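Undergrad: Sequence:
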Amino acid sequence: MGLRTPLFDKHVMLHAKIVDFGGWDMPLHYGSQIEEHHAVRRDAGLFDVSHMGIVDLHGAGAGDFLRSLIANDVAKLKTPGKGLYSCMLREDGGVLDDLIVYRLQDGWFRVVVNAGTRAKDLAWMRAHATAFDVQIAERTDLAMLAAQGPQARAKAITVLPAALRPAALALGPFSAAADGDWFVARTGYTGEDGFEIALPADAAPAFWDALLGAGIAPAGLGARDTLRLEAGMSLYGNDLDEAHTPFDSGVGWTVALEPADRNFLGRAALEARRRAQTQELVGLLLEDRGVLRGHQAVSTALGAGEITSGTFSPTLGRSIALARVPLGAAGAVQVDVRGKPLAARIVRPPFVRHGRSLIAL
93 MGLRTPLFDK
103 HVMLHAKIVD
113 FGGWDMPLHY
123 GSQIEEHHAV
133 RRDAGLFDVS
143 HMGIVDLHGA
153 GAGDFLRSLI
163 ANDVAKLKTP
173 GKGLYSCMLR
183 EDGGVLDDLI
193 VYRLQDGWFR
203 VVVNAGTRAK
213 DLAWMRAHAT
223 AFDVQIAERT
233 DLAMLAAQGP
243 QARAKAITVL
253 PAALRPAALA
263 LGPFSAAADG
273 DWFVARTGYT
283 GEDGFEIALP
293 ADAAPAFWDA
303 LLGAGIAPAG
313 LGARDTLRLE
323 AGMSLYGNDL
333 DEAHTPFDSG
343 VGWTVALEPA
353 DRNFLGRAAL
363 EARRRAQTQE
373 LVGLLLEDRG
383 VLRGHQAVST
393 ALGAGEITSG
403 TFSPTLGRSI
413 ALARVPLGAA
423 GAVQVDVRGK
433 PLAARIVRPP
443 FVRHGRSLIA
453 L
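According to our numbering, the residues represented by the sequence shown are 93 to 453, in order.
Fair warning: there could be bad hints in the mix.
Have a look at the derived ranges for each label pair, beta carbon to beta carbon [said to hold, decoys possible]: (1) 197 with 111: 34 to 44 angstroms; (2) 93 with 254: 19 to 29 angstroms; (3) 424 with 152: 11 to 21 angstroms; (4) 424 with 352: 21 to 31 angstroms; (5) 367 with 302: 29 to 39 angstroms; (6) 156 with 182: 15 to 25 angstroms; (7) 233 with 428: 42 to 52 angstroms; (8) 428 with 452: 19 to 29 angstroms; (9) 307 with 431: 38 to 48 angstroms; (10) 212 with 242: 51 to 61 angstroms; (11) 150 with 428: 20 to 30 angstroms.
For lysine to aspartate or glutamate, the following EDC-like pairs were computed, each having C-alpha atoms within a straight-line distance of at most 16 angstroms [said to hold, decoys possible]: (12) 170 with 156; (13) 102 with 294; (14) 432 with 350; (15) 174 with 184; (16) 174 with 148; (17) 212 with 233; (18) 212 with 333; (19) 168 with 135; (20) 168 with 379; (21) 102 with 285; (22) 174 with 198; (23) 212 with 117; (24) 432 with 379; (25) 247 with 379; (26) 170 with 198; (27) 109 with 127; (28) 247 with 285.
Note that these hints are calculated values from the structure, not bench results.
Note that the coordinates shown come from a computational prediction; the quantities given were computed from them, not determined experimentally.
Backbone N, C-alpha and C fix where the C-beta goes; we use that ideal spot for every residue, glycine too.
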């Protein structure tokens with residue numbers, strides 16, 4: 093038996109297919125992964141993301157600590173409520189994890205990390221915090237839900253606590269608001285609009301029911317993966333890992349190299365590896381019949397590559413993938429699918445955003 097979120101019994105009651113995900117017993121789907129995918133693209137879907145790690149940083153030195161810890165720069169967060177996406181790096185420039193940081197108040201930042209790396213991330217943060225005036229607290233008392241889709245915010249607003257509704261209505265993208273232990277952010281992992289909502293764990297089952305009652309359909313990890321891949325969003329352990337830098341992995345835009353005197357962990361090695369970069373992450377669209385999957389070999393005019401994530405796209409009706417290939421590779425490629433070379437072409441992700449195809453089929 094794996095770890096379970098406060099909503100595990102709700103998933104069982106809905107006859108979810110339960111699978112292991114990073115040591116957690118999580119719902120893969122509630123009957124039809126395809127229908128759950130389409131619900132998010134066309135209306136609203138609800139995900140239990142309570143397996144994610146929520147870490148609060150308090151203290152006068154919290155901002156300075158984060159400026160030294162991650163590759164993006166929290167000094168960009170000029171006003172409370174703003175958030176940013178970043179990578180936390182090893183000293184050698186490899187990606188330890190990708191995460192979101194929110195500045196909630198002066199001296200209070202919230203960091204949301206991946207489920208499979210939460211223990212490692214917390215240990216890393218604490219090991220590097222000793223020189224700063226900062227207190228680090230893992231919020232195991234909180235659950236987190238994600239309501240995603242073009243109608244998700246409108247439906248979720250109706251069941252949020254009344255005190256939080258005005259702030260939630262006013263949120264811009266990548267912004268958050270908090271009221272006590274309730275927290276709502278206009279972020280997500282699907283390429284659609286929506287909210288990610290943290291709340292006391294003991295309040296999560298009733299709130300889950302309220303969101304379902306507002307017309308938001310439950311969705312599992314299967315739909316979450318096809319949605320995020322259509323949106324060109326990386327998955328840690330597949331498209332991001334300790335062996336590769338953000339520049340190798342399609343998230344170089346999250347690295348803030350200015351100001352030049354901000355000496356964040358891994359900076360020197362990262363800059364050296366960037367100068368010697370030989371690979372990059374690209375999108376693939378399969379031209380032949382078949383399904384692209386992780387670890388399949390890719391042949392390009394500049395040499396060999398490998399798929400890091402692949403799936404069938406319900407929105408496009410085609411198979412898509414992210415792949416790490418030689419820097420500068422473009423155009424037609426071949427993918428080895430069960431020993432058969434299939435034609436594909438390199439495209440620029442995202443494939444789909446806000447329900448609309450962004451590539452030529």
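Undergrad: Mind listing which of the numbered hints don't hold for this structure, in increasing order?
TA: Result: hints 2, 3, 4, 5, 10, 11, 14, 15, 17, 19, 20, 21, 23 and 25 break, sorted rising.
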